[in-house]
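*Asks:* Could you build the full structure based on these sequences and the hints that come with them?
Protein chains in written order, with the working numbering: chain A, 1 to 114; chain B, 1 to 111.
It should be emphasised that the hints constitute simulated quantities derived from the structure, not laboratory data. Owing to the predicted nature of the structure, the values given are computational and were not obtained by experimental measurement. For glycine and all other residues, C-beta sits at the position ideal for the given N, C-alpha and C. Each statement offered as a hint is correct.
Some residues of chain A that are not near chain B, with every Cβ distance over 10 Å (derived):
1. L11
2. R15
3. G16
4. Q17
5. E52
6. S65
Cross-link-like lysine to aspartate or glutamate pairs, in silico, DMTMM-like; alpha carbons within 25 Å at most:
7. B:K55 / B:E29
8. B:K73 / B:D26
9. B:K73 / A:E102
10. B:K73 / B:E29
11. B:K55 / B:D98
12. B:K73 / B:E10
13. B:K55 / B:D26
14. B:K70 / A:E102
15. B:K70 / B:E29
16. A:K57 / B:D26
17. B:K78 / A:E102
18. B:K73 / B:E52
19. B:K78 / B:E61
20. A:K13 / A:E82
21. A:K13 / A:E75
22. B:K70 / B:D26
23. A:K57 / B:D98
24. A:K57 / B:E29
25. B:K110 / B:D86
26. B:K55 / A:E102
27. A:K57 / B:E52
28. B:K78 / B:E17
29. A:K57 / A:E102
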Amino acid sequence: KAGVTQTPRYLIKTRGQQVTLSCSPISGHRSVSWYQQTPGQGLQFLFEYFSETQRNKGNFPGRFSGRQFSNSRSEMNVSTLELGDSALYLCASSPSGTPRAEAFFGQGTRLTVV
Amino acid sequence: AQTVTQSQPEMSVQEAETVTLSCTYDTSESNYYLFWYKQPPSRQMILVIRQEAYKQQNATENRFSVNFQKAAKSFSLKISDSQLGDTAMYFCAFINNDMRFGAGTRLTVKP
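*Replies:* As structure tokens, then:
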């Protein structure tokens, strides 16, 4: 069974640009969550999607948005990039209809904003 | 607010010995899940062990076991017979509506 796939693995963007990250969950998983990991702030929850609906949202500005498609694949978008958005972005999928089950993580997308 | 605290930024252990990583959390919820994840240099987050708060019995997965003290809101991870491949960042995590992570403990297993 294929794991969680995140693309691209690495990205370099310029301040002010926007970026879209993609996450394909494990087959059959309907919940997808996104996390930002930085040395200073650690792992922080961005948002969670289930059946194409955003179910939970962390404390991030509106520049961070996401969506989920009918095949459960999810995208995360960051607009007007800032230097502080440089981070490892992790996606996780869960098999059940709640966020309480264990989460399976992808390898992440390393975003560098210059 | 739900918070997760890992008070040990770094730890080291000799190969084959036992090490315990600490985690405390704060929540007003009564039903939740706790996890330990491992993140090796490859960055892949790997689930080590999971504990459901309504279960009093401590979870065990081979060389990994937890000491879950619900009243004290403590969830420590014990690694027995440490192996070089256990070298990684270890994150304690709490799930109720969303997943909260501790700051992590960097564990180094020395030969």
